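Once you have looked at the hints, place chain B on chain A.
Protein sequences, first through last, are from chains A and B.
When the letters of the first sequence are read in order and numbered with the working numbering, they come out as residues 43 to 376.
When the letters of the second sequence are read in order and numbered with the working numbering, they come out as residues 43 to 376.
Don't read these hints as lab results, they were simulated from the structure.
Owing to the predicted nature of the structure, the values given are computational and were not obtained by experimental measurement.
Careful: at least some of the hints might be erroneous.
All copies of an identical chain are treated as equivalent in the list; a pair is satisfied when it fits inside any one copy or across any two copies.
What the hints assert, rightly or not - SDA-like cross-link-like pairs, simulated, lysine to any residue; straight-line CA separation at most 25 Å: (1) K147 to T368; (2) K127 to D246; (3) K127 to E85; (4) K127 to R362; (5) K147 to P203; (6) K127 to R336; (7) K147 to G350; (8) K127 to N144.
There are 2 protein chains.
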Amino acid sequence: MEDRILLAHGSGGRLAHELVERTFVVALDNPMLSRLDDSAVAEFNGRLAFTTDSYVVSPISFPGGDIGRLAVCGTVNDLAMSGAKPLYLSLAFIIEEGLPLNDLKQVVDSVALTAREAGVSIVTGDTKVVHRGSADRLFINTAGIGIIGEGVDISGSNARPGDKVLLSGTIGDHGMAVLSVREGLSFSTTLESDCAPLNAMVADMLNACSDIRCLRDPTRGGLATTLNELAGQSGVSIRIDEGSIPVREEVRAACEMLGLDPLYIANEGKLVAIVPSGHADRVLQAIRDNPCGRGASVIGEVGAENPGRVVMNTGIGSSRIVDMLTGDPLPRIC
Amino acid sequence: MEDRILLAHGSGGRLAHELVERTFVVALDNPMLSRLDDSAVAEFNGRLAFTTDSYVVSPISFPGGDIGRLAVCGTVNDLAMSGAKPLYLSLAFIIEEGLPLNDLKQVVDSVALTAREAGVSIVTGDTKVVHRGSADRLFINTAGIGIIGEGVDISGSNARPGDKVLLSGTIGDHGMAVLSVREGLSFSTTLESDCAPLNAMVADMLNACSDIRCLRDPTRGGLATTLNELAGQSGVSIRIDEGSIPVREEVRAACEMLGLDPLYIANEGKLVAIVPSGHADRVLQAIRDNPCGRGASVIGEVGAENPGRVVMNTGIGSSRIVDMLTGDPLPRIC
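Chain A on its own, in the form it takes in the complex (with noise of 0.2 Å):
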């Protein structure tokens, strides 16, 4: 088998069906995959989330993962910011002609890791080659289904004056992770991306307190997007405090110095909940209680005053308007 990806591992011939066979397959084989028709087949009953990402994060490879990773777990946490339990996954690749076999088998790797992590299955595929020098590297795109249990109602649009705004730790590790490997930047400790799939943890949390309004994982655009998603959906106003937003040092320091602020940095395994005020404690636990919550915190409060903003209460006493993304200071963070 050659090396390098052809374009011949794209046409549906010969080379693409050994791609299959000796990468793909072996590395994520499941029944439903390794039928290889022309869609996976399985029984669902219930209520069927459904939602998709396309990654073409640069470089592929970052500190704490890489797009195989990414690519799980964003589309694992979009199920899950629906209240979903994320059963299966389909993973497409658009390649560049000349990609090392090698940096392929890795990725996919990265990809089995992370599904068995996440307890999911990759149940479908797709891979297209492109010429050298019309796509940059490597595209993967996921799409994903999950089932959501009774009595769950979770959407941008439920929360209410009087509910509490939570978010389950650090913000910004992501994309100065990828920042920092990208521009050749270099701190006394490495920044890592926080890149991790949350299912479980939602999980604990909808079993601490049915009865969360909202769930939303603040990537691309990051905190400040989020929220303001979170207001204008629901038609409410949302308040928090500078001083409750955890921020690593060295996030902290080299947003600093490149003139960027960590409310509008990426996250990938981080996400705000907002709930009704009374359970709020209960919730906060839950997500304390799991490794990729530790950090959280109880940080605002939604109001029902200028329904879409978002205010912040600043360190120096004084408040200000947070406004959603405009510009992207970090294209392809994701």
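This is chain B only, laid out in the frame that chain A set:
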């Protein structure tokens, strides 16, 4: 709003939200999509089919279709080839910075039109933008969900000796249409892609005979590769008659000029069906009654000897082995 796609359209921030709301949701509008939560949610009870494909065709527009129509038809057809009724599609764009917004809008309109034609809803999506030169204009991924009716059991591994092999019409139309526009070839008649959703035809076929063994659409790799897949998965041989395989005169001429074999050229609106011999006439009639299947014919038969082999009786009275595609004569055909 800008008239070209900027990196910020993929940032998750304000421009990304405007693109989603003004371009995607307006064209593709349905209640599941316009919730704008992390996942689409729907009740589902039964056997679920799940599939994915990415589309990297170049150029993005060609006689008879464009990348948007292709992205809907390809995934709808993969679901239909599992005997499923397609229901929901995801739609994910990877866009090169600088793409004219109008080009994107045309593709989205084509997606919307084709989705209506096929009776499916686009319920969830994603947009990523990469730097100029890091992708070639526009790539699309669609994943799809369908429901398989009771008693339907279609798989590439179900063919049995004695079964008949049916083909729904002319081969090579899609591949040669894309190639002709790419290479600036001109013929007295225009080659048109056969790109079309086949789910209505499959539903009619299943009404005529619920005992269909295999269905597959001969896309990349063409009819030859599809027949090899089916022979391999089922552990049978397939013998076809060259004279029974319809090829348009202009496709045959273009293939001869370029040294290509229509058996290996991609189709996007044709299917191969393998059915029990006694049901072949009924299924053939159901195919022919559909506008996409007027040129259907029985092209061969399944045998027991030499499992995995495909043999063709040629026009001159001899026979030859038809292998799977090796190499890739037409990269980026879908």
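Each hint, compared with the structure:
Proximity of K147 and T368 under a CA criterion of 25 Å is satisfied inter-copy only: 22 Å between copies versus 37 Å inside one chain copy. Taking identical chains as interchangeable, the C-alpha atoms of K127 and D246 lie at most 25 Å apart only when both belong to the same chain, with a minimum of 11 Å there against 36 Å between chains. Taking identical chains as interchangeable, the C-alpha atoms of K127 and E85 lie at most 25 Å apart whether they share a chain (15 Å) or sit on different chains (15 Å). For the homomeric pair K127 and R362, neither the shortest alpha-carbon distance inside one copy (37 Å) nor that between copies (52 Å) is at most 25 Å.
Taking the closest pair of Cα atoms, K147 and P203 never come within 25 Å of each other, the shortest separation being 49 Å inside a single copy and 38 Å across copies. For the homomeric pair K127 and R336, the shortest alpha-carbon distance inside one copy (22 Å) is at most 25 Å, but the shortest distance between copies (45 Å) is not. For a Cα distance limit of 25 Å, the shortest separation of K147 from G350 qualifies neither inside one copy, at 45 Å, nor across copies, at 28 Å. Taking CA atoms no more than 25 Å apart as the test, K127 paired with N144 passes in neither setting, with 32 Å inside one copy and 39 Å between copies.
In summary, the numbered hints that this structure violates are 4, 5, 7, 8.
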